[in-house]
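Undergrad: What follows is the residue order along each chain.
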Amino acid sequence: MKKFLYNKLSDDAVLEIFNDSDPNLLERLAREARDLTRQHFGRTVSLYAPLYLSNYCANQCTYCGFKAGLGISRRRLTAQEIDAECRALAGAGIQSILLLTGGSRQHTPPEYLEQAVRAAGKYCASVAIEVYPLETAEYARLNAAGCDGLTIFQETYDRARYAVLHPAGRKRDYAYRYQAPRRAAQAGLRQITLGPLLGLSAWRQDVLALYAHLRGLEKEFPGVDYALSFPRLRKLSDYAEDDYLVSDADLVKIICVTRLLFPRVGLSLSTRESSGFRDHAIHFGITKISAGSSTSVGGYAAPSAPDGRAPQFEINDKRSVAAIKAMLKRQGFDPVFTDWRCLVKSAYGHSAA
Amino acid sequence: MDELIIAGQKLTSRFFLGTGKFAGKELMRAAIEQSGAEVVTVALRRVDLQQTAENILNFVPPNVRLLVNTSGARSADEAVRIARLGRAAGAGAWIKIEVISDSRHLLPDNQETVKAAEILAAEGFTVLPYISPDLYAARALVKAGAAAVMPLGALIGSNQGLQTRHLLEVLRQEIAEVPLIVDAGIGAPSQAAAAMEMGCDAVLVNTAVAAADDPVAMARAFSLAVRAGRAAYLAGQAPASAGASASSPLTGFLYNDK
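If you read the sequences in order, they're chains A and B. Mapping the first sequence onto our numbering, position 229 (from 1) lands on 229, and the numbers just tick up by one. Position in the second sequence (from 1) plus 1000 gives the number in our numbering.
Just chain A, with the same shape it has in the complex:
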């Protein structure tokens, strides 16, 4: 069987694949994606956990469970709480942590993020952020505090849809968000994860635009480790427009084609997806999954406390870190907890002089 010239596929060829519903084609794509993943990542899957620091938000994203103006109780973790959360995560074995906030610069300013990064760095080898877009100098400051990674979702690359979906707040500024990964790379962050939020717009065009976004960054900042993520809105969520829903088969195809086009790029899959889907996806391209996730503010140290704990989205894979680890081993994968160690001196009390 002829191999795809994976890194030479034109956008038209990719669209043709996206539009072809032949299950045999999908199986072929999956087999090639599996071989490439095995070649470049081996039989390993990296694990991380998200930590929601705050659900204050100044934006009005029409699809979000944390958006401003909703009658949910708002809170932000104190320094002590952040410490307790990180300790709980590290106790479960997590060494890679993703700190998240809602889009409120006022309630969670860069100084607050910096403190959170330092706290997480005490317990974890690698700290990344998923927050509102920052200035280059602010990213640099977080980098110096021990943050090595940025995750940022453009949500949709369709500017008209973007405007409809983000009617208020600073997030209205499409270009500022689009340029955030550039600013982060300029500031020295070494791991950058991008993605659309599938289900908001025509997914084929969004995925192609994501590829273009990534290619531009790869050209300008070749030293950065890039990863892509494909979160998707579900039919049962509050916000869902049937026209844009992405089926399981579509998502498999997106993952496989992405692997063929970007053989060495990390592919991440969150607990928005079901355990069944995630357990299969690690075989054809996914290299990084979250484990034991809580998507409510302060969900680890005291998971049953009632106030301010509405989740941003529903988790579909509720397994513990230990259960995810056992699943990976059963399926013949080595769970990788420590995949990068921040080199900031203070984080280790180690002199680089």
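One or more of the hints may lead you astray.
Derived pair list, reagent style DMTMM-like, types lysine to aspartate or glutamate, alpha-carbon separation capped at 25 Å [claimed, not checked]:
1. A:122 with B:1077
2. A:329 with B:1077
3. A:219 with B:1054
4. A:122 with B:1078
5. A:122 with B:1048
6. A:122 with B:1112
7. A:329 with B:1078
8. A:219 with B:1214
Covered by chain B, according to a simulated footprint, are these stretches of chain A (three or more residues, beta-carbon under 8 Å) [stated by the list, open to error]:
9. 27–40
10. 211–224
11. 329–335
Think of the hints as simulated: they come from the structure by calculation, not from any bench. Just so you know, even glycine gets a beta-carbon here, dropped at the ideal spot from N, CA and C.
Once you have looked at the hints, place chain B on chain A.
TA: For chain B alone, kept in the frame of chain A given last:
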């Protein structure tokens, strides 16, 4: 006794194994044991310094020397910091310098590698730098005090074999002061044997073993191939030619006329 000597250390195995990409740490341990490797590379980025059950160092047999690699370093400065961190964490002073600032092709940055080698060798590390096969970089590394030079055979993880053969041959001719170890790209035991037949001193393999259906059996196969290739080199292989050789068809006339 045909020994490989690196920084005064005598090694009997010329097969070095990388520890990434294995499906499990027990499997990795078995592959190391079966390969007979005496040197294994470990990426410090993957070492769990918190000493949990997942600490990869707990799975390396005690008689095997650790070669800490600086995977993840994008500059000489970062490589130096990783090397120091590794030594402070008790992982030893043998360092594979790996400086890569291109995540698409993962080609080593020779200039930064030379800079890091100069600093680390001066600090007493045993330095084994991973490079693109370039004569000037190799000479600079020898001058800097590197204990070996490790040029790539092909792009890392590509299993494409000795794509850089002609450049490796140049290095083999010119770099006699320290061992020459082919690192990266070797995808099959036959390719490892070919590197040894060329006169390379050792080979370092990871993906071809870790990603095999049976990594332990493949580790054994590589070990055999490296020994065969070395034996062939020592035996003084008869030169090969492109075709059958006729008896002096062009100049034979000189001797026919009696």
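Undergrad: Quick one: which hint numbers does this structure break? Sort them smallest to largest.
TA: 2, 3, 6, 7 and 8
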